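Participant: Chains L and Z are the protein sequences, given in the same order. Sequential numbering from 1 applies to the first sequence in this note's numbering. Sequential numbering from 128 applies to the second sequence in this note's numbering.
Certain hints may be false.
Simulated pairs of lysine to any residue, SDA-like, Cα-Cα distance not exceeding 25 Å [said to hold, decoys possible]:
#	chain 1	residue 1	chain 2	residue 2
1	L	28	Z	299
2	L	28	Z	453
3	Z	406	Z	453
4	L	28	Z	292
5	L	28	L	124
6	L	28	Z	284
7	L	28	Z	302
Computed footprint of chain L on chain Z; a stretch qualifies when at least three of its residues, placed anywhere within it, have a C-beta under 8 Å from a C-beta of chain L [unchecked claim]:
#	segment
8	241 to 251
9	283 to 293
Simulated from the structure, these hints should not be mistaken for lab results. Source: prediction; values computed, not measured. Cβ atoms here follow ideal geometry from the backbone N, Cα and C, with glycine treated the same way.
Given next are the chains, with one letter for each unit.
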Amino acid sequence: MADAPRKRVLLAEDEPNIVESLTFLLGKAGFDVVTEVDGQAALDAVLAAPPDVVILDVMLPGLDGFEILRRLRADARGQSLKVIMLTAKGQREDRETALQNGADLFITKPFSNADVIGAVTRLAEQG
Amino acid sequence: MSKAILGTRIRERRRALGLTQAELARRVGISASYMNLIERNRRGLAGALLRSTADALALRLDELDGAAERRLLESLDEIAHTPELGALGVEADSAGELIGRYPGWARALSALAHSEREATAAARALADRLTHDPFLGETVHRMLTRIAAVRSAAEILADFPELDAGQRDRFHRIIHEESRALSEVGEALAAYFDKVDAPDRTLTPLDEVEALFDARANRFAEIEAAASGLADRIDTAAPGARRGRAQELAERELGLAVDAILDRQGEVETAPGRARARKALMGYAAAALLAPMETFGPRAAALGYDIEALAEAFALDVETVCQRLTALPEEQNVPRFGYFRANAAGTIIERRGLSGLVAPRYASACPLWVLYCAQQSPEAVIRQRVVFPSGARFVFVARARNTGLTGFGRPRHYLTDMLAMSEPDARLTVYAPDAGVPVEAVGPACRICPRRSCTHRVEDPLTG
Chain L
1 MADAPRKRVL LAEDEPNIVE SLTFLLGKAG FDVVTEVDGQ AALDAVLAAP PDVVILDVML
61 PGLDGFEILR RLRADARGQS LKVIMLTAKG QREDRETALQ NGADLFITKP FSNADVIGAV
121 TRLAEQG
Chain Z
128 MSKAILGTRI RERRRALGLT QAELARRVGI SASYMNLIER NRRGLAGALL RSTADALALR
188 LDELDGAAER RLLESLDEIA HTPELGALGV EADSAGELIG RYPGWARALS ALAHSEREAT
248 AAARALADRL THDPFLGETV HRMLTRIAAV RSAAEILADF PELDAGQRDR FHRIIHEESR
308 ALSEVGEALA AYFDKVDAPD RTLTPLDEVE ALFDARANRF AEIEAAASGL ADRIDTAAPG
368 ARRGRAQELA ERELGLAVDA ILDRQGEVET APGRARARKA LMGYAAAALL APMETFGPRA
428 AALGYDIEAL AEAFALDVET VCQRLTALPE EQNVPRFGYF RANAAGTIIE RRGLSGLVAP
488 RYASACPLWV LYCAQQSPEA VIRQRVVFPS GARFVFVARA RNTGLTGFGR PRHYLTDMLA
548 MSEPDARLTV YAPDAGVPVE AVGPACRICP RRSCTHRVED PLTG
């Protein structure tokens, strides 16, 4: 186990302070983290080098999180990727859209750090 | 209200106030013998004399001439025919008796029904806003994102005591920045809800302007008086030039009278409402200059209130003629007119109410109204004889007009003007329908119409 390569997480989120906190936490939990703040750039990065887990915020400049998810699921390289959507609490439609479009999990803001790390760890182990 | 009842009403009120007939006559400024004839229902009463009699008896004009009672009767009638009350067995025929025996209860019922309608409309508008308002959705998302950032950084500070000073500073800075941004989002949200709460009486500037015209029965005596005598300063005959000249003259000479009305009234409160009301009143003033009431009134009567003949006689457009007709003084044997203007999308963009004609404030009217059919035959005046679910009969006269040349290949824009009058009033006009003219069964609007089997229904009536 000790020699196993570190798992990779791609975080697509345009709020710099959330990116900073989640990058720190995922690093502490033993993941390598790649971050993207733009939707199209995130999609390109995922398809170019598929990570173990993708965290997609719903509201991103360029392509929104739902559109990225749809395009990933429509592409052979993205069909089995583990994807977590970050949605806002109370936005029921967002959660339904996330699940319909093939998200593995959704986490609502405001989240606890333990929720995010727990979810990423669980999905990374499945993959 | 018939002449007979009016005289009796004056006598009863005078006695209740403990006035002699001679004293009342003196206060009104007529001879005691003439007052005697009025009270014995041998002479009619209208115009300025009716007004000064109402003043002398400390009654509102509509209380004296029975208009208030008529409105109350119409309102109760509408309540009795409300679809959701259908199962309650409301005795629609007893409305008159209720008003006679328990006027306070009748007024309370009418006031409650009115406030219920307003509240339902406001609730629907607010529900629409809360569900679909992009600002609200986006703001809530921003707020939750800020909270997520604060919470995540705060948890890191609590859960990782081994952080070095530089890392601790970074997460403290995040909490500081994000909590400041969060308070800005909170303020924006509070300001939004303040705005939602504010218009508790009327919802749009258009509503405010309508309330002002309603409160004055579509007539502004101050403007009429100020315009009288200025008309001869419009010294050109070309219709387009006359209109421009009237607008200039109104702005220069009648602006003060208009501003004085706006300063004194209580219906228009918001700045956009005031700007819109000023525009409407300046339009009224320009029309008063183009067709002063002292000449327009008699001419209108002589021409049977024919909108096209009047447009020709005064070199006016039909729209202005319609507006002048709604401003005719309230006198016996002078018909009362309501006016509606709709755009091609069917939205009513201007409205001058008519007592007893129930028209929706927040929705399109009944699609059967000729207001919505006239655009099929632009420029033609079309008459429609209608009956409402309450049994009230009206005559509608509508004409669609092209608003100007738009150029080859571009769609033309049409607006429809519609005059409304009660069927008894229509008999004073060229639009009097013969007995054989078919009567169209219409309603106010689907939402408040009890005609359940109507094939033109587009939405269900409001039922509990």
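Participant: Could you run down the list of hints and mark each one as holding or not?
Facilitator: Checked hints:
With a C-alpha separation of about 18 Å, the suggested pair residue 28/L and residue 299/Z falls inside the 25 Å cut-off, and the hint holds. For the suggested pair residue 28/L and residue 453/Z, the alpha carbons sit about 78 Å apart, so the restraint of at most 25 Å is broken. The hinted pair formed by residue 406/Z and residue 453/Z meets the criterion: a straight-line CA distance of about 17 Å does not exceed 25 Å. Our distance criterion of 25 Å between C-alpha atoms is met by residue 28/L and residue 292/Z, whose separation comes to about 17 Å.
Simply put, residue 28/L and residue 124/L have alpha-carbon atoms about 15 Å apart, close enough for the 25 Å limit, and the pair holds. For the suggested pair residue 28/L and residue 284/Z, the alpha carbons sit about 13 Å apart, so the restraint of at most 25 Å is met. For a cut-off of 25 Å, the pair hint linking residue 28/L to residue 302/Z stands: about 20 Å separates their Cα positions. Using a Cβ-Cβ cut-off of 8 Å, 0 residues of the segment 241 to 251 of chain Z lie near chain L, which falls short of the minimum of three, so the contact claim is violated.
Counting residues of the segment 283 to 293 of chain Z whose CB lies closer than 8 Å to any CB of chain L gives 3, which reaches the minimum of 3, so the coverage claim holds.
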